[in-house]
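> This is what each chain is made of:
Number of protein chains: 2
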Amino acid sequence: MITSSDNQHLKAIRKLQARRERRRSGMFVAEGEDLVEAAERAGFEPELVLRAGVDVEDELLASASALGSGARVVGIYRQRWSEPGGDLSVYLHGVGDPGNVGAVLRSAHAFADGPVILGPGCADPFSPKAVRASMGSVFARPPARAPFERLAGRTIALEHASERELESVTLGAPVVLCLGSERGGLPESVLAGATVRASIPLRAGGPDSLNVAMAATVALYERSRSANRMADRA
Amino acid sequence: MITSSDNQHLKAIRKLQARRERRRSGMFVAEGEDLVEAAERAGFEPELVLRAGVDVEDELLASASALGSGARVVGIYRQRWSEPGGDLSVYLHGVGDPGNVGAVLRSAHAFADGPVILGPGCADPFSPKAVRASMGSVFARPPARAPFERLAGRTIALEHASERELESVTLGAPVVLCLGSERGGLPESVLAGATVRASIPLRAGGPDSLNVAMAATVALYERSRSANRMADRA
Numbered sequence: 001m002i003t004s005s006d007n008q009h010l011k012a013i014r015k016l017q018a019r020r021e022r023r024r025s026g027m028f029v030a031e032g033e034d035l036v037e038a039a040e041r042a043g044f045e046p047e048l049v050l051r052a053g054v055d056v057e058d059e060l061l062a063s064a065s066a067l068g069s070g071a072r073v074v075g076i077y078r079q080r081w082s083e084p085g086g087d088l089s090v091y092l093h094g095v096g097d098p099g100n101v102g103a104v105l106r107s108a109h110a111f112a113d114g115p116v117i118l119g120p121g122c123a124d125p126f127s128p129k130a131v132r133a134s135m136g137s138v139f140a141r142p143p144a145r146a147p148f149e150r151l152a153g154r155t156i157a158l159e160h161a162s163e164r165e166l167e168s169v170t171l172g173a174p175v176v177l178c179l180g181s182e183r184g185g186l187p188e189s190v191l192a193g194a195t196v197r198a199s200i201p202l203r204a205g206g207p208d209s210l211n212v213a214m215a216a217t218v219a220l221y222e223r224s225r226s227a228n229r230m231a232d233r234a
Numbered sequence: 001m002i003t004s005s006d007n008q009h010l011k012a013i014r015k016l017q018a019r020r021e022r023r024r025s026g027m028f029v030a031e032g033e034d035l036v037e038a039a040e041r042a043g044f045e046p047e048l049v050l051r052a053g054v055d056v057e058d059e060l061l062a063s064a065s066a067l068g069s070g071a072r073v074v075g076i077y078r079q080r081w082s083e084p085g086g087d088l089s090v091y092l093h094g095v096g097d098p099g100n101v102g103a104v105l106r107s108a109h110a111f112a113d114g115p116v117i118l119g120p121g122c123a124d125p126f127s128p129k130a131v132r133a134s135m136g137s138v139f140a141r142p143p144a145r146a147p148f149e150r151l152a153g154r155t156i157a158l159e160h161a162s163e164r165e166l167e168s169v170t171l172g173a174p175v176v177l178c179l180g181s182e183r184g185g186l187p188e189s190v191l192a193g194a195t196v197r198a199s200i201p202l203r204a205g206g207p208d209s210l211n212v213a214m215a216a217t218v219a220l221y222e223r224s225r226s227a228n229r230m231a232d233r234a
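Chain order of the listed sequences is P and S.
Residues 1 to 234 in our numbering are what the first sequence lists, from first letter to last.
Residues 1 to 234 in our numbering are what the second sequence lists, from first letter to last.
One or more hints might be untrue.
Put simply, identical chains are the same to the list, so a pair is met inside one copy or across any two.
What the hints assert, rightly or not - No more than 20 Å apart at the CA atoms, straight line, and that leaves these computed lysine to any residue pairs for SDA-like:
| hint | residue 1 | residue 2 |
| --- | --- | --- |
| 1 | K11 | A140 |
| 2 | K15 | G85 |
| 3 | K11 | D34 |
| 4 | K11 | G121 |
| 5 | K11 | R203 |
| 6 | K15 | I2 |
| 7 | K11 | R22 |
No lab work stands behind these hints, which were simulated from the structure alone.
All values derive from a computational prediction rather than experimental measurement.
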C-alpha cells in the first residue's frame with residue numbers, strides 16, 4: 001500500500017499531466033473505472049494500475065488526479081495512433097480545446113469507421129480532459145495525425161459561410177469531414193484544397209455557429225445517414 | 001473604482017454562484033464580453049455591469065468570477081423564462097450537468113423555434129457554467145420549466161433501446177424531443193406517455209450512447225431537416 005506522495009508511481013501519474021511528459025514518454029493516464037474498463041475492452045495493457053484503498057491510500061490517489069474527479073482507479077497506458085483511413089473520418093485543424101477533441105473522438109466512434117485525424121494546433125487527445133471527454137473512445141478508436149495535404153480521398157470543408165448545405169453533398173466514400181476551430185475556422189489552404197465546401201444550415205436569428213464538437217457530430221450523423229440512404233437505393 | 005473585496009457589488013456577484021441565491025433573487029451572472037454583448041442584443045437590461053480597470057480593480061473582478069475565466073466584464077441580470085411552445089422544442093429530464101444544459105440551449109437556438117423545457121432534476125440553466133456553455137443563447141431564447149405531463153403537442157422520447165430510427169418518424173409539428181440523462185435515461189412515465197419512442201442509430205461496436213447534448217443536437221438537426229423536406233414536398 002502506497003502511503004507517501006513521494007512514491008514513484010504517483011509521481012509518474014502527476015508528471016503525465018504535462019503534455020511534454022506525455023510526448024516524451026509516449027504514455028498517458030486514464031482516471032476512473034469506466035475508462036480503465038474501456039481500455040481493457042480495447043485490449044490496452046496498462047503499464048500501471050493503482051486502486052484506492054488497495055494499492056494506495058484514497059487521498060493520495062485523489063491528489064495525483066488531474067481532473068479532481070475523485071477517481072478510485074487510475075491507469076497508465078502507452079499511446080496508440082491510427083493511420084488515416086475509413087469510408088468516413090474527421091480532420092480537425094486548430095481545435096485547441098481538449099474537451100472538444102475528446103468529444104469528437106467519441107462522436108466519430110459512434111458514427112464513422114475512420115479515426116479522428118489531428119492537424120496542426122489541436123489539443124493533445126491523450127490529455128486527461130480529452131481522454132475523459134472521449135469516454136473511452138480514445139482507446140477503442142485511437143486518433144491519427146496528419147496534415148491536410150496528406151489526406152487521401154475526398155474532403156468536405158465545413159464552413160458557416162458556404163451556401164451549399166451538407167445534406168446536398170452526394171460525394172461517395174471515402175470522405176473526410178474537415179473542421180476548424182470555432183473562432184478561427186479552417187485556414188484558406190484547407191478551404192481551397194477541399195473537394196467541396198459545405199455548411200450545416202442554422203436558423204436565421206440563431207447563433208452564428210455551433211461549437212466544433214457539435215458541428216462535427218451533426219456532420220458525422222448527416223454523412224452516416226446519407227451513406228445509408230445511398231446504400232438503400234443501390 | 002472598487003478597491004475592496006468587501007464591496008457590496010462584488011459580494012452580490014459572488015453570492016449568485018449559489019443556486020439558492022439565484023432562486024431567491026431571480027438574478028444571475030454573465031461573465032465576459034461575449035455574454036454581456038449577447039445580453040444586450042437580446043434586450044436584457046443589466047442590473048449591474050462591472051468592467052475591470054474601469055469600475056473595479058482587475059484582480060478583484062477576477063476573484064469574484066465563478067469560472068476563473070479572467071473575464072474583463074461581469075453583468076448581473078434578471079432571469080427570464082419562456083413558456084413551452086414552438087413547432088420544435090426540447091424537453092430535458094434529469095440532466096444534471098450544467099454544461100450539457102447550456103449546450104442544449106445553444107443547439108435548440110440553432111435548430112428550433114421553441115425553447116428548452118426543463119423537467120425535474122435538471123441543472124440550473126442560469127448557473128455560470130450553463131450560461132457560458134449556452135454562449136448567449138440563454139438570453140436569446142430563455143428556457144422554460146414544465147413537467148412532462150404539461151407538454152402540449154406530440155412528443156418523441158429518445159432512447160437507445162428503441163429500434164425505431166428517429167429519421168423514420170414522420171410526425172408533423174408541433175413536436176417536443178424528450179431526452180433523459182446519459183446514465184439514467186428517461187423515466188418509464190415519460191417513455192410510456194410519449195407519442196413515439198425513437199433512437200439515433202449508432203454504429204455497431206461504437207459507444208453505447210451519445211452524450212445528452214450531442215444526442216439533443218443531432219435530434220434537433222434531424223427534425224429541422226425533416227421539417228424542411230416535408231415543406232419541400234408540400
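> Identify every previously stated hint that the structure contradicts and give their numbers, smallest first.
Of the numbered hints, 1, 2, 3, 4 and 5 do not hold.
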